[in-house]
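Asker: What follows is each chain in one-letter form.
Number of protein chains: 2
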Amino acid sequence: MNIHSDIATIDPKKLEKLAEVAVKVGLRLEAGQDLVMTAPLAAIPLVRLITRHAYMAGAGLVTTFYSDEDTTLSRYRHAPDASFDKASGWLYEGMAKAFAGNAARLAIAGDNPMMLAGQDPSKVARANKANSMAYKPALEKISNFDINWNIISYPNPAWAKQVFPELGEQEAIRKLADAIFAASRVDLDDPVAAWTEHNANLRKRSTWLNGERFSALKFTGPGTDVTIGLADDHEWHGGESTAKNGITCNPNIPTEEVFTTPHALKVDGYVSSTKPLSHQGTLIDGIQVKFEGGRIVEAKATKGEEVLNKVLDTDEGARRLGEVALVPHSSPISASGILFYNTLFDENASCHIALGQCYSKCFLDGASLTQDQITAKGGNSSLIHIDWMIGSDKVDIDGVRADGSVTPVMRKGEWA
Amino acid sequence: MNIHSDIATIDPKKLEKLAEVAVKVGLRLEAGQDLVMTAPLAAIPLVRLITRHAYMAGAGLVTTFYSDEDTTLSRYRHAPDASFDKASGWLYEGMAKAFAGNAARLAIAGDNPMMLAGQDPSKVARANKANSMAYKPALEKISNFDINWNIISYPNPAWAKQVFPELGEQEAIRKLADAIFAASRVDLDDPVAAWTEHNANLRKRSTWLNGERFSALKFTGPGTDVTIGLADDHEWHGGESTAKNGITCNPNIPTEEVFTTPHALKVDGYVSSTKPLSHQGTLIDGIQVKFEGGRIVEAKATKGEEVLNKVLDTDEGARRLGEVALVPHSSPISASGILFYNTLFDENASCHIALGQCYSKCFLDGASLTQDQITAKGGNSSLIHIDWMIGSDKVDIDGVRADGSVTPVMRKGEWA
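Top line first, the protein sequences correspond to chains A and B. Just so you know, we're using the working numbering here: the first sequence kicks off at 1 and counts up by one. Just so you know, we're using the working numbering here: the second sequence kicks off at 1 and counts up by one.
Hints in this document: simulated from the structure, not taken from any laboratory. Check before you lean on any hint, since a few could be wrong.
Since copy identity is lost for identical chains, a pair holds within one copy or between any two.
Straight-line Cα separation of at most 30 Å, DSS-like style, residue types lysine-lysine; simulated pairs [said to hold, decoys possible]:
1) K24 / K86
2) K300 / K394
3) K300 / K218
4) K412 / K244
5) K97 / K86
6) K123 / K24
7) K310 / K175
8) K136 / K97
9) K14 / K175
10) K175 / K244
11) K394 / K86
12) K86 / K136
13) K310 / K123
14) K394 / K24
15) K412 / K13
16) K24 / K218
17) K24 / K175
18) K310 / K290
19) K204 / K13
For reference, chain A alone in the conformation it holds in the complex:
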């Protein structure tokens, strides 16, 4: 049976290396661990390879849930209005239970970034909110880093056509596949060794930032003049990181960022986005927001403004920041010159901030903090966590200490 016309286009050896990197670098799956995977149907070939490598690494049981653009669109076209306030809570509660039992989590990204572009924004927002609320018990185990998890991506044909609209489908898939393979370092002879070296480089950056103990970062560039206060006892992370179950994993493949927790109440000024954001199948571009006391008090966008404003209305925390991340403009993903319309890639081509939920691991001794302690230190809490890009070769960043002294962190998008 020929499930995919596109699989002939994608280099099978590199796809197999990607599966190996997902299991051995991304997840570091341990013998006996179960694995819960989610993927679009287009990614069946990668799911099969990852499943094989997971079992070869000693996985107990691999369970995969597929999403399907066709059935998602059927819902928008035909379902009754009440459908859009529903979500499969029973499934997400089950996933949370699996994670509580130490199952690892792998998500294959690669959905069509424009899937929901033609749909009613209010239905999209309601469906996303219902889903976020239902997913919360499972997402908390990820954002609290209870278990090892990983996101990796597959060159879905619909995504490839969005990235390379000028190319034929097969050529677009091939080019996106090559970009994914390069960014994920599986075009190298020994990807596992390459990731070891890359993790060491990212650790150097986060170690320097942790030593500096800045109390705020000041971003200056076209349309951007903002001071982002950092949470008390914030800690910078990047690359591999150790989950509470003791397993050191690489949650994102690719990753080029170092990141920490901003102070939910201490962000002031203006920010303009530097790349479009694909959020749940809708494109949001030309974002301009104004922060006062950590809160977004004004938000505009040249595209997708209605969706953006509905996202900001998800809950109180949706208007505040949960992450700030630094990525040099010369990062390999940025250097590729490709706009991926996919956060996993675009966030690693540019400095970025995230609306919503913070990561508890981005605090000193974060694993032992209660929710109240995290809040007291300035950690934000929300149903959402949405990264958007604010870095470019025109943006400067200064580190500001509690005593007011200033150290250049980045100049024209590069480490100073």
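Using the hints, position chain B against chain A.
Answerer: Structure of chain B alone, referenced to chain A:
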């Protein structure tokens, strides 16, 4: 994107009618009901059509879980030994919760009947047992008929090649598709009306049997001489039936049987199977068993004997009967002359019995009975429910009343 090479082979209008029959006859999905669907990956085209028709019928949310022969076989080839005692209990508990919230259940059958033929029978048995135990909370809601549910099938290429080994793949798929469409009555102009008529015919048979109140059925034929006691207050059913949620549905598409509950302690004699049985990817053929006091005390098979004996060892109830069903030898499915290697079809071509769990609905006022009351009336209980075929044009069946009087029920496989 071309997901399937086989979809070009299958008549799209009839496939759409099959989806409509699944929703309007099989499930009778009500507005606002959620739907939980399971399917092999090969059945993606049918899943998409059913999802669309479900939303058009007012479904709240449709959630589909796919099974994949490739990843199942990866597990058997590569997973550590301990994997085979594992199952996704968290998922099945979630499903049970969805059913408790009145979600309907649809299963698309059509897996490769020989999928696990080359695998270690003891691993197959352990995996099946772990799965049955984990699935129990969800299966109980089906076997107690709490909600409307339906099984329908899709002409999976691997299944088609097993049924028509002499044909090329495309021709085999086309022929199996046509057989499924005919048996499911979607080759007719108005399938929904045809099902209304068929349901009325099956009701006539079950009404007659319920009027007779036989205490036992005596089967006589080549290799078969058995008296199957019927449970106290048993009730015959066939065709459409009303679930405890008040929805009248057709749980099996196709269906030609009328069936009831045997007495778990009152089956004596010898039975020989008349068709091979495909159980969880293994073929079991030439079954010969001896019953004493309702219990199988000897079991042989010319093929798959080891798997059969492991199935019988699942639990105490696995050696006793949970169902007896009458199907005339002239049923359309039997008349097709096709051996489907799939219980949904083969059980509707022949009288059959089922090892394991009984259906509580097959008792007078079954919905209000407790488990203890069901057991006291002779209802069997087990993790398994496996139908196997014992009817042919050489088998006679007599109905025996409590006073010893006898009425012919079937002669040479036809209603007497």
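Asker: Quick one: K394 to K24, C-alpha cut-off 30 Å, is that within a copy, between copies, both, or neither?
Answerer: neither (37 Å within a copy, 60 Å between copies)
Asker: First find the shortest C-alpha distance between K310 and K123 inside one copy, then the shortest across copies, and answer within, between, both or neither for a cut-off of 30 Å.
Answerer: within (10 Å within a copy, 51 Å between copies)
Asker: Between K412 and K13, at a C-alpha cutoff of 30 Å, which is it: within one copy, between copies, both, or neither?
Answerer: Neither way: K412 and K13 sit 38 Å apart in one copy and 60 Å across, limit 30 Å.
Asker: One pair to classify: K394 and K86, alpha carbons no more than 30 Å apart. Within, between, both, or neither?
Answerer: Classified as neither: same-chain Cα gap 43 Å, cross-chain 54 Å, threshold 30 Å.
Asker: Could you figure out if K412 and K244 sit no more than 30 Å apart (CA to CA) within one copy, between two copies, both or neither?
Answerer: neither (37 Å within a copy, 68 Å between copies)
Asker: Between copies, within a copy, both or neither: which fits K86 and K136 at Cα up to 30 Å?
Answerer: Classified as both: same-chain Cα gap 14 Å, cross-chain 26 Å, threshold 30 Å.
Asker: Go through the copies and call it for K136 and K97: within, between, both or neither, with a Cα cutoff of 30 Å.
Answerer: both (12 Å within a copy, 18 Å between copies)
Asker: Could you figure out if K14 and K175 sit no more than 30 Å apart (CA to CA) within one copy, between two copies, both or neither?
Answerer: within (13 Å within a copy, 39 Å between copies)
Asker: Is it within, between, both, or neither for K310 and K175, if the alpha carbons may be no more than 30 Å apart?
Answerer: Neither way: K310 and K175 sit 34 Å apart in one copy and 51 Å across, limit 30 Å.
Asker: Is it within, between, both, or neither for K310 and K290, if the alpha carbons may be no more than 30 Å apart?
Answerer: within (16 Å within a copy, 68 Å between copies)
Asker: Pop the pair K123 and K24 into one bin, within, between, both or neither, using alpha-carbon distances up to 30 Å.
Answerer: between (39 Å within a copy, 27 Å between copies)
Asker: 30 Å Cα cut-off: does K97 pair with K86 within a copy, between copies, both or neither?
Answerer: both (21 Å within a copy, 15 Å between copies)
When each numbered hint is compared with the structure, violations occur for hints 4, 7, 10, 11, 14, 15, 16 and 19.
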